[in-house]
Amino acid sequence: MIDQVLVLNSGSSSIKYRLIDMASRRETARGLAERIGEETSVLTHGGVRVERRLADHEEGLRAVLAAFAEHGPALDRVAAVGHRVVHGGSRFVQPTLIDDEVERAIEDLAPLAPLHNLPNLEGIRVARRAFPALPHVAVFDTAFHGTLPPHAYTYAVPREWTEKLGVRRYGFHGTSTAYVSRRAAELLGRPYDEVDSIVLHLGNGASATAVRGGRSVDTSMGITPLAGLVMGTRSGDVDPALPAYLNRVAGMSLADVDDALNRDSGLLGMCGANDLREVWKLADSGAPDARLAMEVYGHRLRGYIGAYYAVLGRVDALVFTAGVGEHDARTRALAVSGLSRLGIEIDPARNAATATGPRMISPEGAEVAVLVIPTDEEMEIADQVVACVGSRSR
Numbered sequence: 078m079i080d081q082v083l084v085l086n087s088g089s090s091s092i093k094y095r096l097i098d099m100a101s102r103r104e105t106a107r108g109l110a111e112r113i114g115e116e117t118s119v120l121t122h123g124g125v126r127v128e129r130r131l132a133d134h135e136e137g138l139r140a141v142l143a144a145f146a147e148h149g150p151a152l153d154r155v156a157a158v159g160h161r162v163v164h165g166g167s168r169f170v171q172p173t174l175i176d177d178e179v180e181r182a183i184e185d186l187a188p189l190a191p192l193h194n195l196p197n198l199e200g201i202r203v204a205r206r207a208f209p210a211l212p213h214v215a216v217f218d219t220a221f222h223g224t225l226p227p228h229a230y231t232y233a234v235p236r237e238w239t240e241k242l243g244v245r246r247y248g249f250h251g252t253s254t255a256y257v258s259r260r261a262a263e264l265l266g267r268p269y270d271e272v273d274s275i276v277l278h279l280g281n282g283a284s285a286t287a288v289r290g291g292r293s294v295d296t297s298m299g300i301t302p303l304a305g306l307v308m309g310t311r312s313g314d315v316d317p318a319l320p321a322y323l324n325r326v327a328g329m330s331l332a333d334v335d336d337a338l339n340r341d342s343g344l345l346g347m348c349g350a351n352d353l354r355e356v357w358k359l360a361d362s363g364a365p366d367a368r369l370a371m372e373v374y375g376h377r378l379r380g381y382i383g384a385y386y387a388v389l390g391r392v393d394a395l396v397f398t399a400g401v402g403e404h405d406a407r408t409r410a411l412a413v414s415g416l417s418r419l420g421i422e423i424d425p426a427r428n429a430a431t432a433t434g435p436r437m438i439s440p441e442g443a444e445v446a447v448l449v450i451p452t453d454e455e456m457e458i459a460d461q462v463v464a465c466v467g468s469r470s471r
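All residue numbers for the sequence shown refer to this note's numbering, where the first residue is 78 and numbers rise by one.
There may be inaccurate statements among the hints.
As the list claims (entries may be wrong) - Here are the computed distance ranges between Cβ atoms for each label pair:
#, residue 1, residue 2, range
1, 419, 228, 22 to 32 angstroms
2, 365, 154, 52 to 62 angstroms
3, 243, 174, 19 to 29 angstroms
4, 234, 387, 17 to 27 angstroms
5, 337, 238, 21 to 31 angstroms
6, 243, 444, 31 to 41 angstroms
7, 130, 100, 32 to 42 angstroms
8, 365, 100, 54 to 64 angstroms
9, 444, 184, 43 to 53 angstroms
10, 174, 150, 23 to 33 angstroms
11, 440, 383, 13 to 23 angstroms
12, 333, 242, 19 to 29 angstroms
13, 325, 361, 33 to 43 angstroms
No lab work stands behind these hints: they were computed from the structure.
Built from N, CA and C at the ideal position, the CB exists for glycine as well.
Please construct the entire structure, taking both the sequences and the accompanying hints into account.
Right, here's the structure in full:
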């Protein structure tokens, strides 16, 4: 039996980590090394905060290990290391034991997620050097969407693009969606493979996923995390001809347009703020741009809810998760406004209640259960690590 799992999430300038005891299903430590490569880096380990320069990920991980050694807990019970990897393409649809060949494959997939896969890979390489005797497992953010049917993942583009260049829908936020859709079934007291749900992962990045009996059958993000819902700084769906248009009329390069759609669009582009708390404040103060931004945001959400209701045919649960989905009652109300004919509505008092755990916010007896379920991607990664290592040992 796996005793403890160390979960690592390596970003371009950060290492986020949690140590999870699998017997009790509780974390025993968590922390973050951030601003790696800058003049002043910060390591937060539990309640301890240290500022010092961390030149690279190797130095960052060694600082993390030193914090464990000095402040605890001991790492002598760690039996495996789990790594979040954003893009697994069509090759990796299950948690995968990492070896040199897998590392090379993750690097080969970097063009699909250049801002994510390479930092993820750097963290893997550093951790494998630090823990050479332990199994390391990659858990891919795209993997849960490996069950998408061809009619959902295929773009209407030249077949050569799909076959030779991997142009298709992959989807993201899969680890989060897997966790909360399973928890939704538990909350309803029904078998996972009998529950059809729509999961709204709403944070600075946002996605919608249709889950039929525990399998992703459609999702809003595409070959990259740019498609779909309106996000903090990302546009979501736009006309595919927009880059060519902007090149013709404004002389913008493809790289300029791509950067603007990812970093300067979404809520930020529409009203100057990407944090929904600030956007709501601006809207309440009468700022017309912020009011329009929230109308666009809600319109896009409702459009995807309706589309995925049609995809599924029936819906047992609508699930809100991630920072906005878990904590923003006004945005939840906006998302379901006008959907009562579909059996989707919320109880205002339940929705406004200050609670932190999994909960139902729809009225008693509602046709569709509307749920708020805090996500726990690290716990999902740890569970998948145990399943992967356990299957290899049998």
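Outcome of the hint check:
1. Look at residue 419 against residue 228: about 23 angstroms separates their beta carbons, and that is inside 22 to 32 angstroms.
2. For residue 365 and residue 154, the hinted distance range of 52 to 62 angstroms is satisfied, since their beta carbons lie about 57 angstroms from each other.
3. The hint said 19 to 29 angstroms for the Cβ distance between residue 243 and residue 174, and at roughly 23 angstroms that hint holds.
4. About 23 angstroms separates the C-beta atoms of residue 234 and residue 387, a value consistent with the hinted range of 17 to 27 angstroms.
5. A hinted range of 21 to 31 angstroms for the beta carbons of residue 337 and residue 238 is consistent with their spacing of about 24 angstroms.
6. Between residue 243 and residue 444 the C-beta distance comes to about 40 angstroms, which sits within the given range of 31 to 41 angstroms.
7. At roughly 38 angstroms, the beta-carbon separation of residue 130 and residue 100 lies within the given 32 to 42 angstroms, and the hint holds.
8. Under the hint 54 to 64 angstroms, the C-beta atoms of residue 365 and residue 100, about 55 angstroms apart, fit the expected range.
9. Taking the beta carbon of each, residue 444 and residue 184 are about 48 angstroms apart, inside 43 to 53 angstroms as hinted.
10. Taking 23 to 33 angstroms as the suggested C-beta distance range, the pair residue 174 and residue 150 conforms, at roughly 26 angstroms.
11. For the hinted restraint 13 to 23 angstroms between residue 440 and residue 383, the CB-CB distance of approximately 20 angstroms keeps it satisfied.
12. Here the CB-CB span from residue 333 to residue 242 is close to 22 angstroms, well matched to the stated 19 to 29 angstroms.
13. Distance hint check: the CB atoms of residue 325 and residue 361 are about 39 angstroms apart, consistent with the given range 33 to 43 angstroms.
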